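For the record, the sequence lines run as chains A and B.
Position 285, counted from 1, in the first sequence is what this note's numbering calls 285; the numbers after and before it change by one each time, with no gaps.
Position 165, counted from 1, in the second sequence is what this note's numbering calls 165; the numbers after and before it change by one each time, with no gaps.
Please note that a few of the clues may not be correct.
Subject to a maximum C-alpha distance of 27 Å in a straight line, what follows is the list of computed DSSO-like cross-link-like pairs (lysine-lysine) [what the hints assert, rightly or not]:
| no. | chain 1 | residue 1 | chain 2 | residue 2 |
| --- | --- | --- | --- | --- |
| 1 | B | Lys53 | A | Lys100 |
| 2 | A | Lys167 | B | Lys45 |
| 3 | B | Lys123 | A | Lys174 |
| 4 | A | Lys296 | A | Lys310 |
| 5 | B | Lys74 | B | Lys32 |
Computed list of chain A residues with no C-beta within reach of chain B, every gap over 12 Å [said to hold, decoys possible]:
| no. | residue |
| --- | --- |
| 6 | Gln54 |
| 7 | Gln55 |
| 8 | Ser106 |
| 9 | Ala109 |
| 10 | Lys181 |
| 11 | Gln226 |
Covered by chain A, per the in silico footprint, the following chain B stretches (three or more residues, Cβ under 8 Å) [claimed, not checked]:
| no. | region |
| --- | --- |
| 12 | 62 to 70 |
| 13 | 147 to 153 |
| 14 | 162 to 175 |
Hints in this document: simulated from the structure, not taken from any laboratory.
Bear in mind that the values here come from a model prediction, so they are computed numbers and not experimental data.
For each residue, glycine too, the CB sits at the ideal point set by N, CA and C.
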Amino acid sequence: MILQRIKTGLLFAALAALFGCSEPPVPPEVQLATSQEQDLWGAGASIYAPDEYQQYLSSLNAAKDILAREQACMAVLRNYSAVAALCQDVLKQGELIDIKIATARSVEATEIARAQLSVQKKIRMVRELVENAQDKRLAVRKLVQAEVRAAEAKKMASLGRGADARKRLDEAEKDLAAVVKVIRPLIQRYADRGQVSSWRRLADDAIAESRRNGSEVILVNKVDRQLTLFRNGTAVRSFSAGLGFNYLADKLYSGDRATPEGRYQIVRKIDRSRYYRALELDYPNQEDQRRFAQAKRAGLVPKNSDIGNKIQIHGGGRSGMTYGCVSLDNPAMEYLFAEVAIGTPVIIVGTVDHDNFLSSAVRNLN
Amino acid sequence: MKKFSAVLVGLAMVTALAACGKQPVEDITATKAAVEAAAGEGAAKYVAADYKKVNDELAAALAEVKVQDEKWFKNYDKAKQLLATAKTDAEALKVKTIAEKERLKQQSIADLAAAQAGVAAAKAELATAPKGKGTAADIAAMGADVAGLEAALAEIQPLIDSGEFMAASEKAVAINDKAAAIAAEVAAVKAKKKK
Numbered sequence: 001m002i003l004q005r006i007k008t009g010l011l012f013a014a015l016a017a018l019f020g021c022s023e024p025p026v027p028p029e030v031q032l033a034t035s036q037e038q039d040l041w042g043a044g045a046s047i048y049a050p051d052e053y054q055q056y057l058s059s060l061n062a063a064k065d066i067l068a069r070e071q072a073c074m075a076v077l078r079n080y081s082a083v084a085a086l087c088q089d090v091l092k093q094g095e096l097i098d099i100k101i102a103t104a105r106s107v108e109a110t111e112i113a114r115a116q117l118s119v120q121k122k123i124r125m126v127r128e129l130v131e132n133a134q135d136k137r138l139a140v141r142k143l144v145q146a147e148v149r150a151a152e153a154k155k156m157a158s159l160g161r162g163a164d165a166r167k168r169l170d171e172a173e174k175d176l177a178a179v180v181k182v183i184r185p186l187i188q189r190y191a192d193r194g195q196v197s198s199w200r201r202l203a204d205d206a207i208a209e210s211r212r213n214g215s216e217v218i219l220v221n222k223v224d225r226q227l228t229l230f231r232n233g234t235a236v237r238s239f240s241a242g243l244g245f246n247y248l249a250d251k252l253y254s255g256d257r258a259t260p261e262g263r264y265q266i267v268r269k270i271d272r273s274r275y276y277r278a279l280e281l282d283y284p285n286q287e288d289q290r291r292f293a294q295a296k297r298a299g300l301v302p303k304n305s306d307i308g309n310k311i312q313i314h315g316g317g318r319s320g321m322t323y324g325c326v327s328l329d330n331p332a333m334e335y336l337f338a339e340v341a342i343g344t345p346v347i348i349v350g351t352v353d354h355d356n357f358l359s360s361a362v363r364n365l366n
Numbered sequence: 001m002k003k004f005s006a007v008l009v010g011l012a013m014v015t016a017l018a019a020c021g022k023q024p025v026e027d028i029t030a031t032k033a034a035v036e037a038a039a040g041e042g043a044a045k046y047v048a049a050d051y052k053k054v055n056d057e058l059a060a061a062l063a064e065v066k067v068q069d070e071k072w073f074k075n076y077d078k079a080k081q082l083l084a085t086a087k088t089d090a091e092a093l094k095v096k097t098i099a100e101k102e103r104l105k106q107q108s109i110a111d112l113a114a115a116q117a118g119v120a121a122a123k124a125e126l127a128t129a130p131k132g133k134g135t136a137a138d139i140a141a142m143g144a145d146v147a148g149l150e151a152a153l154a155e156i157q158p159l160i161d162s163g164e165f166m167a168a169s170e171k172a173v174a175i176n177d178k179a180a181a182i183a184a185e186v187a188a189v190k191a192k193k194k195k
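Between the sequences and the hints, there should be enough to build the whole structure, so can you do that?
Rendered as structure tokens:
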């Protein structure tokens with residue numbers, strides 16, 4: 001009887017050992033690998049290390065398959081050593097992916113920062129150009145759109161959305177390219193050494209003539225927005241001047257709001273003008289008429305346009321935009337009016353300096 | 001007779017075990033459908049982390065089904081439990097996705113309205129700016145900026161319509177900020193003119 005009970009007890013113990021008590025615990029690496037996978041996904045593994053992450057997921061799934069197979073066996077027969085080894089391998093793969101993500105993110109952040117800097121630099125440059133040049137045609141609406149996109153990119157980059165930020169910066173670059181496409185032709189000739197030399201010759205010849213004849217000559221420099229009175233070849237006084245809305249261009253026809261370039265002379269002194277006092281020039285001269293006729297033949301000016309006239313140096317303020325005239329502050333105008341006579345040459349040039357701010361801008365835009 | 005009874009009992013046990021071990025096809029189908037429904041609402045886009053969690057739950061449940069498929073004596077109880085959890089979470093995810101989507105949509109609509117108001121305010125400010133000499137170039141530049149912002153505003157509604165609410169909001173905020181800056185600049189020009 002006792003023997004029978006002992007036998008029964010041993011049988012129960014054996015069954016217990018077989019079906020439950022000896023079940024080995026699931027290796028901790030399984031949980032570690034699972035949570036590592038979550039972290040890698042969150043860090044953007046599929047974006048920054050897609051191939052490695054795919055391989056990693058295959059390894060992790062293989063480990064989970066083996067785990068499931070082992071769990072399907074009777075507890076006593078389960079052996080998780082292969083699962084643990086595989087998961088350890090997975091964890092190592094994961095660590096490498098983690099490093100790759102960090103590196104890729106860092107590279108991306110650097111690239112985005114560089115692109116942002118480049119876009120911001122270009123925007124600043126164009127803004128300064130627009131502000132300094134004060135030519136209405138430089139006000140291009142795409143510029144503000146580039147600024148908006150740059151601001152969006154900044155926000156996206158701060159949220160870790162590198163790909164989105166890069167896309168916006170690319171769009172901003174396209175906007176800026178469109179802006180540059182409009183602006184460059186307007187300022188290109190200020191970087192043209194031949195053109196600047198020609199302006200320089202015009203100015204030098206007039207100043208030399210003033211020296212020779214002991215007479216006055218007025219030189220208007222568009223880039224410097226300055227009017228200088230020379231006497232005996234020497235600069236007597238300089239004044240800041242306002243110019244046409246589209247002064248960077250050479251005047252071609254009436255209404256183009258450009259200030260003409262070339263050699264003119266005062267043909268009329270107007271003591272009482274709408275803008276204080278005025279000195280009327282002999283625009284259009286022969287060269288202007290030749291250019292206008294040529295442009296008209298080529299269809300480069302509006303059909304019904306005429307060449308225009310009544311280009312003046314007048315008062316009313318230096319800091320504004322005109323329809324093509326040169327404007328001075330009234331005290332400056334009063335001085336000039338008193339100092340010059342009808343017939344005084346007036347030379348209007350783009351610039352006499354090869355290294356003017358527009359030529360720098362052209363270089364930078366390039 | 002005894003032998004016959006033993007066979008009968010054996011058969012009954014096998015039948016019972018086989019009945020317990022039937023694959024939970026309906027549960028699988030229902031859970032997958034629930035996950036797809038959440039995905040259809042844009043869960044991957046609007047609540048990506050939650051979407052991944054539910055997908056992982058579904059994958060774990062299907063793995064458990066596979067385990068049981070390979071067993072002699074199948075027991076899908078755990079698989080059913082996992083599927084039920086995944087289904088419940090997927091249904092909750094769908095609700096959450098719809099709510100989040102709506103929240104982002106309303107936010108983007110509000111941001112668009114604010115940007116429109118901001119640009120309109122800048123435009124109005126610009127309209128009252130002094131037109132005389134000394135400010136014409138500045139005003140022209142700001143006029144171009146306002147026109148540029150109006151053009152940029154037109155890009156927002158298509159983003160909202162295509163469900164890109166965050167992108168819409170980001171653009172709207174950037175435009176509004178720029179509009180506010182222009183309005184401040186115009187005010188500065190006015191002040192300059194007064195002096």
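Status of the hints after comparison with the structure:
Between Lys53 (chain B) and Lys100 (chain A), the direct Cα distance comes to roughly 24 Å. Compliance with the 27 Å bound is thereby established for this hinted pair. Of the pairs offered as hints, the one joining Lys167 (chain A) and Lys45 (chain B) holds, with about 18 Å between alpha carbons and a cut-off of 27 Å not exceeded. For a cut-off of 27 Å, the pair hint linking Lys123 (chain B) to Lys174 (chain A) stands: about 26 Å separates their Cα positions. Distance check on the hinted pair: Lys296 (chain A) and Lys310 (chain A) sit about 20 Å apart at the alpha-carbon level, within 27 Å; holds.
A hinted pair counts as satisfied when its Cα atoms are at most 27 Å apart, and Lys74 (chain B) with Lys32 (chain B) qualifies at roughly 22 Å. Here Gln54 (chain A) stays apart from chain B, with its beta-carbon at least about 15 Å from theirs, past the 12 Å limit. Every CB of chain B is more than 12 Å from the CB of Gln55 (chain A) (nearest about 18 Å), matching its label as outside the interface. For Ser106 (chain A), the condition that its CB be more than 12 Å from all CB atoms of chain B holds, with the nearest at approximately 23 Å.
Every Cβ of chain B is farther than 12 Å from the Cβ of Ala109 (chain A); the closest lies at roughly 19 Å, confirming the non-interface assignment. Non-interface call for Lys181 (chain A) relative to chain B: holds, since the shortest CB-CB distance, roughly 15 Å, exceeds 12 Å. Every Cβ of chain B is farther than 12 Å from the Cβ of Gln226 (chain A); the closest lies at roughly 16 Å, confirming the non-interface assignment. Under the rule that three or more residues need a Cβ within less than 8 Å of chain A, the assignment of the region 62 to 70 of chain B holds, with 6 such residues.
Judged by the Cβ-Cβ criterion of 8 Å, the region 147 to 153 of chain B is covered by chain A as claimed, because 5 of its residues qualify and three suffice. Given a C-beta distance limit of less than 8 Å, the hint that chain A covers the region 162 to 175 of chain B holds, as 6 residues qualify and 3 suffice.
Hint compliance for this structure: every hint is met.
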